[in-house]
Amino acid sequence: MEKEKLKQQLKQQIIQFLNLTNVKPEEIKDDEPLFGEGLGLDSIDSIEMIVLLSREYGITIQDPKEGRKILVDINTMADYIAKHKTK
Amino acid sequence: MYIHHYSCISPQQTFEHAHVETLHESADNKLTAKEPVYKGIPPGILRRMGKAVRMGIGAALPVITQQPAIDGIIIGTANGGMEDCIKFLNQIIDFEEGMLTPGNFVQSTPNAIAAQMGLLSKNKGYNITHVHRGLAFENALLDAMMMIKENPGNNYLLGAVDEISAYNYNIDLLDGCFKKECISNKDLYHSVSEGTIAGEGAAMFLVNDNAENATATVKAVQTIHTTDEMEVNRTMQQFLEQTLSGKQADILLTGENGDARLLKYYWGVESFFGEHTSIARFKHMCGEYATASSVALWLICNNHQWPEHMIKKQGEAAPVRNIIIYNNYRGVQHGFMHIAV
Numbered sequence: 001m002e003k004e005k006l007k008q009q010l011k012q013q014i015i016q017f018l019n020l021t022n023v024k025p026e027e028i029k030d031d032e033p034l035f036g037e038g039l040g041l042d043s044i045d046s047i048e049m050i051v052l053l054s055r056e057y058g059i060t061i062q063d064p065k066e067g068r069k070i071l072v073d074i075n076t077m078a079d080y081i082a083k084h085k086t087k
Numbered sequence: 001m002y003i004h005h006y007s008c009i010s011p012q013q014t015f016e017h018a019h020v021e022t023l024h025e026s027a028d029n030k031l032t033a034k035e036p037v038y039k040g041i042p043p044g045i046l047r048r049m050g051k052a053v054r055m056g057i058g059a060a061l062p063v064i065t066q067q068p069a070i071d072g073i074i075i076g077t078a079n080g081g082m083e084d085c086i087k088f089l090n091q092i093i094d095f096e097e098g099m100l101t102p103g104n105f106v107q108s109t110p111n112a113i114a115a116q117m118g119l120l121s122k123n124k125g126y127n128i129t130h131v132h133r134g135l136a137f138e139n140a141l142l143d144a145m146m147m148i149k150e151n152p153g154n155n156y157l158l159g160a161v162d163e164i165s166a167y168n169y170n171i172d173l174l175d176g177c178f179k180k181e182c183i184s185n186k187d188l189y190h191s192v193s194e195g196t197i198a199g200e201g202a203a204m205f206l207v208n209d210n211a212e213n214a215t216a217t218v219k220a221v222q223t224i225h226t227t228d229e230m231e232v233n234r235t236m237q238q239f240l241e242q243t244l245s246g247k248q249a250d251i252l253l254t255g256e257n258g259d260a261r262l263l264k265y266y267w268g269v270e271s272f273f274g275e276h277t278s279i280a281r282f283k284h285m286c287g288e289y290a291t292a293s294s295v296a297l298w299l300i301c302n303n304h305q306w307p308e309h310m311i312k313k314q315g316e317a318a319p320v321r322n323i324i325i326y327n328n329y330r331g332v333q334h335g336f337m338h339i340a341v
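First to last, the protein sequences are chains A and B. Letter by letter, the first sequence follows residues 1 to 87 of our numbering. Letter by letter, the second sequence follows residues 1 to 341 of our numbering.
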């Protein structure tokens, strides 16, 4: 899948999984931090994101340190998904 | 036990600028709550909340704002966040007991409502949830009365919440709890068929033992489980003798709900009240749900004049001082309250 298309799909999935009803996909910037500042997600959201990666892309994150590097922003997530997705 | 502050989210205009004279209609045999724009709940927390938790917190916050120094939280709910519970259970099946998201599970337990209230109000005191189906609120009331007796001077947040979930509605419909034909809540008491209409809501009260400036007094609460209408009549007779001490009730507020099977209980109870007592009903406003009697208590706290659509029989009593609430849940669980205003 083309990277831009993947990013767009990922934004829609994040909104759906995290119930971000007031956020539109175009409002999430590719390089905006997902946690803390930016989208303002928290630790419970990180578990929801790990479930998202597993269900939608067949990616299992077992090392928390690895997770921290992947769940930085849309760019880092899309890069990882493009390389490791199994479905 | 005295009630000082109160708040309610219901299918009617009960939250902020309450106006219960105008009756909002049901749709598809459901009276769904008119949820306000929730203020004071952080957006990150609000987006994870299921409807029951949202309504409970939304109704509790105005009460907590008026009296921040609460010593405990006592909630009654039959089902809590049932919609989230079913989402979670469906996930177990859909994903073959694999990786599950925590949000639905955390929000779906009945005590999530009282727990969330404790977190938001930073209250580390007594925090308990009563889940006795149709008597969950009455048991919460009894608990609050006992806590106040044991701890004079303490303030408690007391309340009840229940939501309509698609799953519960369908199961209860198959069980004959709701009407098969579609009717309006405006015609609820004219219906002669079995079943009623579904409802939901949240009502919250600040209670303590301070009589000064209290809105209402909870004088007595009693509950029984029975299907025998004669036992219900005996209980009502004893309850009136004990709590009114020879005085007459000014209003009997009943949970009549348009279910033909339950009329025998309401007719039996009404027979104890003469010309002096007005008879009023409230389920056409909130629908039937396990903790609907909390709305009856809110109406008493809120109403200075009773809207015409609530009145079944106009009595001679004026002014109104003593009110008896009788509620019946599915012909099995019966709650009696004596409220003085």
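FYI, nobody ran anything at the bench for these hints, they're computed from the structure. Do not rely on the hints blindly, as some may be mistaken.
Claimed, not checked - Just a few of them, taken from the derived set where beta-carbon distance is under 7 Å, the chain B residues facing chain A:
hint	residue
1	Arg47
2	Met99
3	Pro102
4	Asn104
To be verified - Taking lysine to aspartate or glutamate pairs in the EDC-like style, the calculated list, with each CA pair at most 20 Å apart, reads:
hint	chain 1	residue 1	chain 2	residue 2
5	A	Lys87	B	Glu181
6	B	Lys312	B	Glu270
7	A	Lys87	B	Glu96
8	B	Lys87	A	Glu48
9	B	Lys30	B	Glu181
10	B	Lys87	A	Glu56
None of the values given here were measured: they were computed from a predicted structure. Just so it is clear, CB atoms sit at the ideal spot from N, CA and C, and this is done for glycine as well.
So, going through the hints one by one against the coordinates:
{"no.": "1", "hint": "Arg47", "in the structure": "holds, 5 Å"}
{"no.": "2", "hint": "Met99", "in the structure": "holds, 5 Å"}
{"no.": "3", "hint": "Pro102", "in the structure": "holds, 6 Å"}
{"no.": "4", "hint": "Asn104", "in the structure": "violated, 10 Å"}
{"no.": "5", "hint": "Lys87(A) - Glu181(B)", "in the structure": "violated, 47 Å"}
{"no.": "6", "hint": "Lys312(B) - Glu270(B)", "in the structure": "holds, 11 Å"}
{"no.": "7", "hint": "Lys87(A) - Glu96(B)", "in the structure": "holds, 17 Å"}
{"no.": "8", "hint": "Lys87(B) - Glu48(A)", "in the structure": "holds, 14 Å"}
{"no.": "9", "hint": "Lys30(B) - Glu181(B)", "in the structure": "holds, 12 Å"}
{"no.": "10", "hint": "Lys87(B) - Glu56(A)", "in the structure": "holds, 18 Å"}
Hint compliance for this structure: hints 4 and 5 are not met, and every other hint is.
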